[in-house]
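Add chain B with the ligands to chain A, keeping to what the hints say.
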Amino acid sequence: MSGNSYLPRKLHSLLGVIPLGLFFIEHALTNYAAFEGGQQGFVDAVHGIHKLPLVFFLELFIIWLPILFHGVYGLYIAYQSNYNTGRFSYGRNWAFALQRITGVITFIFVFWHVWNTRVQVALGNTTYEELGNHMNGIVSNPVYFVIYFIAVIAAVFHFSNGLWAFLVSWGITVGPRAQRISSNICMGIFVIVSVLFLLSLFAFRSDEFASAAAAFSPVMFG
Amino acid sequence: MAETATKQRTVKFIITRRERPEAAPYTEEFEIPYRPNMNVISALMEIQRNPVKADGAKTTPVVWESNCLEEVCGACSMVINGKPRQACSALVDKLEQPIRLEPMSTFPVVRDLVINRERMFQALKKVKAWIPIDGTYDLGPGPRMAESKRQWAYELSKCMTCGVCLEACPNVNDRNSFIGPAAISQVRLFNAHPTGEMNAHERLEALMDEGGIEGCGNSQNCVRSCPKGIPLTTSIAAINKDTTKHLFKKWLGM
Ligand code: SF4
Ligand code: FES
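Note that the protein sequences, when read in sequence, are chains A and B. Read left to right, the first sequence gives residues 1 to 222 (our numbering). Read left to right, the second sequence gives residues 223 to 476 (our numbering).
Just so you know, these hints were derived from the structure itself, not from any lab. Among the hints, erroneous ones may be present.
[What the hints assert, rightly or not] Keeping only pairs whose Cα atoms sit at most 20 Å apart, straight-line, the calculated PhoX-like set for lysine-lysine is:
| # | chain 1 | residue 1 | chain 2 | residue 2 |
| --- | --- | --- | --- | --- |
| 1 | B | Lys275 | B | Lys234 |
| 2 | B | Lys229 | B | Lys275 |
| 3 | B | Lys463 | A | Lys10 |
| 4 | B | Lys467 | B | Lys380 |
| 5 | B | Lys471 | B | Lys371 |
| 6 | B | Lys471 | A | Lys10 |
| 7 | B | Lys450 | B | Lys467 |
| 8 | B | Lys234 | B | Lys316 |
| 9 | B | Lys380 | B | Lys347 |
| 10 | B | Lys234 | B | Lys305 |
| 11 | A | Lys10 | B | Lys347 |
| 12 | A | Lys10 | B | Lys467 |
[Said to hold, decoys possible] Sample of chain A residues lacking proximity to chain B, with all beta carbon distances greater than 10 Å (derived):
| # | residue |
| --- | --- |
| 13 | Arg118 |
| 14 | Val146 |
| 15 | Phe149 |
| 16 | Ile172 |
From a predicted model like this one, the values you see are computed outputs, not experimental measurements. Even glycine gets a Cβ: it sits at the ideal position worked out from N, Cα and C.
With the rest of the complex left out, here is chain A (with noise of 0.2 Å):
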């Protein structure tokens, strides 16, 4: 690629924190919804993000074209490296190594995870009432369930440990010392943000979310 890749590689790395990063927390709190609220719960969570003003254009440019940067970008970014943790087994270097591996998972998740949510509500095939149910289809497919609990640990791997590359890239925190403690904090971030998706994920698969599913079946791709 020619041309100066200094500012894609800064704006990537901005990019993958803010506003992706917000955006995944605030997923994983109102997914979160579900499993402290249960059906109820969840719907007013969904409500809440949806009735935002001008929620078309805070997706756009909050979620949609960002994540198309940092996704498309990203793979390049997976490209361009060589993987060596045969030679060098460091904590570090097997991490810079997941980085690229679960980008590249979450990458494909999230085409899947969207068409099969957000893109059927804008379809009609469900609503943002039914989203509950419609998780529910999804994930009481014991495949599909396992592909959402890899391809969220992966994705939420990939927040973590973004956050503790940010840190360095951007030059915020630059001693041994300053990223030995974002690492430890990055990495309760992980297990945090994990439980928070997972006992949503879950919930998912309750009765309390069956109700309306019978009548569902997933649309995959294809």
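Relative to chain A, chain B with the ligands alone:
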């Protein structure tokens, strides 16, 4: 003593060789007589003196580079048992056998274990890793450097351009424009110098250009591998901070 009756102790080497830069690499095995305190260079000298493979067949002597023999010039860097390091400070007694020698193939291989580290010297030129004081008249003494600063800057000055950090880095390759850790640390060194600081922006701008600092992916293998213990990841993060600040200053027209 019974030693006279026992077979002479030997050291086994498996060496990755290649005749020309474009030629395909192959390996050859050697078994050379053990001497106390020998290092990889003295073993290579033995092979040079008597270029016979372990199976008894004659071969060409293995080619390598070395100068100082005390780990300060960086010329003898190669991959020894999977890790890039200096052959002159690699003691045979401390290595697991067979000892595997390979060239640092992140760099163009010239022949056998000899590599071309040109890109590192080009990188130092690109970032202007020097202090410009040449002129037609005496500029007088420069500003003093604080002792506390001199102490950490001295650590950075130990870099011998050996290339180990580039070999260890997963992002130094032909698909990636990353300049590599060593030159970034040198920018930090010369920007820390009270006279060098006067041209700090030129070095930062060189790193913010294509083929600069942008490709660092924070694998941090460099700092674990540097034989001089240079805090490379601290240097990279510090320069990340400086380039970020420089970027905003330029945007704001300051
Ligand atoms: S920073 Fe260390 S590993 Fe890199 S070239 Fe200099 S001495 Fe060698
Ligand atoms: S010969 Fe100079 S570092 Fe080994």
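Against the structure, the hints come out as follows:
1. B:Lys275 x B:Lys234: Since the Cα atoms of lysine 275 (chain B) and lysine 234 (chain B) sit roughly 10 Å apart, the hinted pair holds (cutoff 20 Å).
2. B:Lys229 x B:Lys275: holds, 18 Å
3. B:Lys463 x A:Lys10: Roughly 12 Å between the alpha carbons, so the hint for lysine 463 (chain B) and lysine 10 (chain A) holds.
4. B:Lys467 x B:Lys380: violated, 27 Å
5. B:Lys471 x B:Lys371: violated, 25 Å
6. B:Lys471 x A:Lys10: holds, 16 Å
7. B:Lys450 x B:Lys467: violated, 29 Å
8. B:Lys234 x B:Lys316: Holds, at roughly 13 Å.
9. B:Lys380 x B:Lys347: Between lysine 380 (chain B) and lysine 347 (chain B) the Cα gap is close to 18 Å, so the pair holds against 20 Å.
10. B:Lys234 x B:Lys305: holds, 18 Å
11. A:Lys10 x B:Lys347: Status violated; Cα separation ~24 Å.
12. A:Lys10 x B:Lys467: holds, 13 Å
13. Arg118: It holds; arginine 118 (chain A) is separated from chain B by about 31 Å at its closest Cβ, greater than 10 Å.
14. Val146: Answer for valine 146 (chain A): holds, closest chain B Cβ roughly 30 Å.
15. Phe149: holds, 27 Å
16. Ile172: Nearest chain B Cβ is 7 Å from isoleucine 172 (chain A), so the label is violated.
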